[in-house]
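Chemist: Take 174 as the starting number for the sequence shown in our numbering and just add one per residue.
Because the hints were derived from the structure by calculation, they are not lab data.
Treat the hints with care, since some could be wrong.
Stated by the list, open to error - Okay, derived cross-link-like pairs now, DSS-like style, lysine-lysine, Cα gap no bigger than 27 Å in a straight line:
1) Lys823 to Lys687
2) Lys819 to Lys185
3) Lys531 to Lys950
4) Lys823 to Lys728
5) Lys507 to Lys572
6) Lys819 to Lys509
7) Lys1255 to Lys950
8) Lys1034 to Lys933
9) Lys316 to Lys237
10) Lys308 to Lys819
11) Lys804 to Lys531
12) Lys933 to Lys1253
13) Lys799 to Lys538
14) Lys221 to Lys316
15) Lys507 to Lys488
16) Lys346 to Lys185
17) Lys823 to Lys237
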Amino acid sequence: MRKQFGMPEGEKLVNYYSCSYWKGRVPRQGWLYLTVNHLCFYSFLLGKEVSLVVQWVDVTRLEKNATLLFPESIRVDTRDQELFFSMFLNIGETFKLMEQLANLAMRQLLDSEGFREDKALPRPVRPHRNISVLKRDLDARAKNECYRATFRLPRDERLDGHTGCTLWTPFNKLHIPGQMFISNNYICFASKEEDACHLIIPLREVTIVEKADSSSVLPSPLSISTKSKMTFLFANLKDRDFLVQRISDFLQKTPSKQQDSISGERKASIVDEDPKSPSTPQEVLEQPASPSSTLSGCPSFSMQEVPTASQGLLKLFQRNSPTEVLGAKGAKEKMKEESWNIHFFEYGRGMCMYRTAKTRELVLKGIPESLRGELWLLFSGAWNEMVTHPGYYAELVEKSTGKYTLATEEIERDLHRSMPEHPAFQNELGIAALRRVLTAYAFRNPTIGYCQAMNIVTSVLLLYGSEEEAFWLLVALCERMLPDYYNTRVVGALVDQGIFEELTRDFLPQLSEKMQDLGVISSISLSWFLTLFLSVMPFESAVVIVDCFFYEGIKVVLQVALAILDANMEQLLDCSDEGEAMTVLGRYLDNVVNKQSVSPPIPHLHALLTSGDDPPAEVDIFELLKVSYEKFSSLRADDLEQMRFKQRLKVIQSLEDTAKRSVVRAIPGDIGFSLEELEDLYVVFKAKHLASQYWGGSHTAAIRRDPSLPYLEQYRIDASQFQELFASLTPWTCGSHTPVLAGRMFRLLDENKDSLINFKEFVTGMSGMYHGDLTEKLKVLYKLHLPPALNPEEAESALEAAHYFTEDSCSEETLLQGEQEGAGNEDAREKKGEKGTSPQDCRHYLRMWAKEKEVQKETIKDLPKMNQEQFIELCKTLYNMFSEDSMEQDLYHAIATVASLLLRIGEVGKKFSVRMGKKPKDSACGGDHNEDAVQEDSSEPEPHQDPAQEPQPPAAGDPQAKAGGDTHLGKTPQENQVVGEGGSGEGQGSPSQFLSDDETKDDMSMSSYSVVSTGSLQCEDFLDDTVLVGGEVSNHMATARCEGTVDADWCISFEQILASILTESVLVNFFEKSIDIGLKIKDQKKVERQFSTSSDHEQSGVSG
174 MRKQFGMPEG EKLVNYYSCS YWKGRVPRQG WLYLTVNHLC FYSFLLGKEV SLVVQWVDVT
234 RLEKNATLLF PESIRVDTRD QELFFSMFLN IGETFKLMEQ LANLAMRQLL DSEGFREDKA
294 LPRPVRPHRN ISVLKRDLDA RAKNECYRAT FRLPRDERLD GHTGCTLWTP FNKLHIPGQM
354 FISNNYICFA SKEEDACHLI IPLREVTIVE KADSSSVLPS PLSISTKSKM TFLFANLKDR
414 DFLVQRISDF LQKTPSKQQD SISGERKASI VDEDPKSPST PQEVLEQPAS PSSTLSGCPS
474 FSMQEVPTAS QGLLKLFQRN SPTEVLGAKG AKEKMKEESW NIHFFEYGRG MCMYRTAKTR
534 ELVLKGIPES LRGELWLLFS GAWNEMVTHP GYYAELVEKS TGKYTLATEE IERDLHRSMP
594 EHPAFQNELG IAALRRVLTA YAFRNPTIGY CQAMNIVTSV LLLYGSEEEA FWLLVALCER
654 MLPDYYNTRV VGALVDQGIF EELTRDFLPQ LSEKMQDLGV ISSISLSWFL TLFLSVMPFE
714 SAVVIVDCFF YEGIKVVLQV ALAILDANME QLLDCSDEGE AMTVLGRYLD NVVNKQSVSP
774 PIPHLHALLT SGDDPPAEVD IFELLKVSYE KFSSLRADDL EQMRFKQRLK VIQSLEDTAK
834 RSVVRAIPGD IGFSLEELED LYVVFKAKHL ASQYWGGSHT AAIRRDPSLP YLEQYRIDAS
894 QFQELFASLT PWTCGSHTPV LAGRMFRLLD ENKDSLINFK EFVTGMSGMY HGDLTEKLKV
954 LYKLHLPPAL NPEEAESALE AAHYFTEDSC SEETLLQGEQ EGAGNEDARE KKGEKGTSPQ
1014 DCRHYLRMWA KEKEVQKETI KDLPKMNQEQ FIELCKTLYN MFSEDSMEQD LYHAIATVAS
1074 LLLRIGEVGK KFSVRMGKKP KDSACGGDHN EDAVQEDSSE PEPHQDPAQE PQPPAAGDPQ
1134 AKAGGDTHLG KTPQENQVVG EGGSGEGQGS PSQFLSDDET KDDMSMSSYS VVSTGSLQCE
1194 DFLDDTVLVG GEVSNHMATA RCEGTVDADW CISFEQILAS ILTESVLVNF FEKSIDIGLK
1254 IKDQKKVERQ FSTSSDHEQS GVSG
């Protein structure tokens, strides 16, 4: 498969299916291959070949449909095309697997913490041979997610298995058929009928598991008893012995103060050993609103002094009005409490409660305020996490106290905006409690940190529960019940907004088109969903919706939203603009009242903005809920999950398009590329980043995407990824020398030295090679052979050569290097501080943007001079660059001529500076050389100061011996022309000694056949340095003639190189010819499989 489609080695095949791909109106029978990152199809039929590759991150739509043209087909849309596949043997299984893979890809784009290869996924004991390991793992992942969502269990819970059985329900004396689910910490039961019965038994509560006697009426029964004195009887179990053994294994691993046991034979001993065990847990379960025992276990944080540590703010600030004073409302509240007490007696209390249709009815009638906190904890599953993590919240509070981050700054800004109309948040007690909970969560989950609307929801949670309870309820909301809602891009809320629009089309088709025209849904849904109506509805009414939400999930919020639109349909159809429609809905919501509330009414600030002369009639919240269930109760949880998946594709791809446009707009206009080319480059750049996230690929945490960063910084690549892109996109192909050039380009572009470059830096490098005139392109090439682009190893020999001169020079270099390192460390410390604290982050980005605004045009006179070693590296690069050109021979001759000329110019420049009375070590060239060489050298010069440790000290003068990737033997004879021409006058006299000052003033006047003396040009040095270019000259011969060091005083300027190259028209034409990057991008896209490609080749007269 990898060979067929050109996939990378790390790509993993999940499964493959036989199907037909509809190309036009003709089906092409073939094979569909589903890999972790790609969808592939191949067909070869009747001499026609079809090859198709789509990357999952490009899929914008995936759905199963049945039309007249495409019966029972799967539709896959990308930005470029629509694909239809049909004629599957098992379309349901195929579509489910495609959904899972596309969902993983969307998580990858979202950078959710869930996108990690889960190595702890359970595998079947007896796997089928024809199913891949990856497919089993994906199936297990899907079952785990469904299991956790159904029973509101923690995110780390792993389903071990499930089996059919019946459960004896004592409240109606029936055996209810359903499924038993077993995981490492829970035993759960779900009836076949949706509302018949749900049951959750934490293993920490189990005291006895025994096998009862079988009978014809009750085959294979299993009895489970808990600390709360409840016994559950399961029957019709297929493999009871194996099941009991699995439960026994999990019970042994369950942390507990008492070592509970299992099996019927030891039942009596368990009861005798722990006679008091039911009482204490029962007290905690019956009164979860005051879990002070949990906090008292952490002595390092004295929460006991804080009143909110043990009870909700409502109890602290509510006036203790006797029931008689409250009248009818008080009586109604008393009846609710009595109804719930009867329910607890019949169905149990705490986590092990039987949850039936009766429970839902009581929730819809309203939860009494005295029980609200307890039931919210149970229905949301937050209670499970709270009791299994004692002291966790207190530790977080202690760690986060006094810490300053961007999240804490935002929290402080929003604290006094959280229900300011409620007396509990008009004083420091409530504000301090809210601050501690929000800050603790920001430290628990820095990916989310803090998002607006979290303060409103958390303030309501604090009213009905202690700080720790409110914290765990917030965890359940943000991480399980409202996934991806509270992040920087509110993806979850946008997904549910898309579902709301779709449901409006289905249930209210007349209103749907009007709402789309007005653009109202996008305006209302975010505020409704993010705050669960708490910000748009009176508090007493909205809290009833929160009751239902914790029991039913997002389904209730969508139902109520549809009911609100339905109730205002006539008025909305008459609206002419968005403002009018918003006013209609705002006034309606302000008048949704809760006539049964016993709390004193709290003024709703939103009502002041929408009040009018003719206020609408009051709407009872319980009546609104009743209507929503009557008209829109057909919504099912699994259908909503399916819709969420479909909308998630649209939302995330839309956000990716927005990010692409923002990044492209941030690129300066003088970069040279067109808008289309920039977008194509961004696609390729992003694909290279995402390739590092592939399963099985090794990627560092440094390149993991951080959505909180600006769009431009979210996708970055490292040196190895840049090297791959450079090799496929550069117009300067240098054969095996290309990786060396790519490494230099990366170091040149990586201005902040974090070993990562963003898209803007990448495009800047590409533009320097593709656009601009000859001077600009040569300037880029020139910089690639100076520090910092030059590799530290490549600069080592220059420093070693400097050690042959005076000690003063060496000490000056060391001092200079120390100063540079100190400055570098200060920059690093400053950068580290900027990442850790928010004000410095802001200042950092402001400085960065200010620098971008400044027009900094670098002139050729600003470029430092190049020493001999760097010049030789430049010549080697040019030789490699011309090796694949059609004008290869002419280019070799031209560069040999230019190199010979420049060597003489540099030598004459050196002699001229010596004649002016300057010492070699103090000359301008030498200074430039030493400074450039030291900048990229290592911080410890000791190894070079002791040449005795080297086996062959003269070899240290060979700079190419250490330049990795620069060794290219066996080149064409023209490469030796540098040596031949450069050394042609070595044995002759030295006429350059008699040159007058006037003749040496203009270096450009030197002709290509000028000769210099043997003493002035160290032939052995240059010969030694060019051994690796020519490959024919013996290194030992050079070592025997000289100690093999480069000439430290020789230097050349950019102007001299430019002027010399201008004398050769073939070189000018080479650098000035235009190259279309579009073709290279197209080839790179095929390699990366970043977009859909299909081929339809006619094999005329050729078989196979």
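Chemist: All the hints need checking, so say for each whether the structure fits it.
Modeler: Against the structure, the hints:
The hinted pair formed by Lys823 and Lys687 meets the criterion: a straight-line CA distance of about 22 Å does not exceed 27 Å. The straight-line distance between the Cα atoms of Lys819 and Lys185 is roughly 25 Å, inside the 27 Å bound, and the hint therefore holds. Between the alpha carbons of Lys531 and Lys950 the distance comes to roughly 78 Å, so the proposed pair goes past 27 Å and is violated. Proposed proximity of Lys823 and Lys728 is supported: the alpha carbons are some 21 Å apart, at most 27 Å.
At roughly 43 Å between alpha-carbon atoms, Lys507 and Lys572 are farther apart than 27 Å, so this suggested pair is violated. Taken as a hint, the Lys819 and Lys509 pair is broken in the structure, with Cα atoms around 41 Å apart against an allowance of 27 Å. Simply put, Lys1255 and Lys950 have alpha-carbon atoms about 24 Å apart, close enough for the 27 Å limit, and the pair holds. Of the pairs offered as hints, the one joining Lys1034 and Lys933 holds, with about 26 Å between alpha carbons and a cut-off of 27 Å not exceeded.
Proposed proximity of Lys316 and Lys237 is supported: the alpha carbons are some 21 Å apart, at most 27 Å. Our distance criterion of 27 Å between C-alpha atoms is met by Lys308 and Lys819, whose separation comes to about 21 Å. Taken as a hint, the Lys804 and Lys531 pair is honoured in the structure, with Cα atoms around 20 Å apart against an allowance of 27 Å. For the hint linking Lys933 to Lys1253, the alpha-carbon distance of about 19 Å falls within 27 Å, and the restraint holds.
The hinted pair formed by Lys799 and Lys538 meets the criterion: a straight-line CA distance of about 9 Å does not exceed 27 Å. With a C-alpha separation of about 41 Å, the suggested pair Lys221 and Lys316 falls outside the 27 Å cut-off, and the hint is violated. With a CA separation close to 17 Å, the supplied pair Lys507 and Lys488 stays within the 27 Å bound. This hinted pair does not check out: Lys346 and Lys185 have alpha carbons roughly 52 Å apart, beyond 27 Å.
For the hint linking Lys823 to Lys237, the alpha-carbon distance of about 16 Å falls within 27 Å, and the restraint holds.
Taken one by one, the earlier hints fail for this structure at numbers 3, 5, 6, 14 and 16, listed in ascending order.
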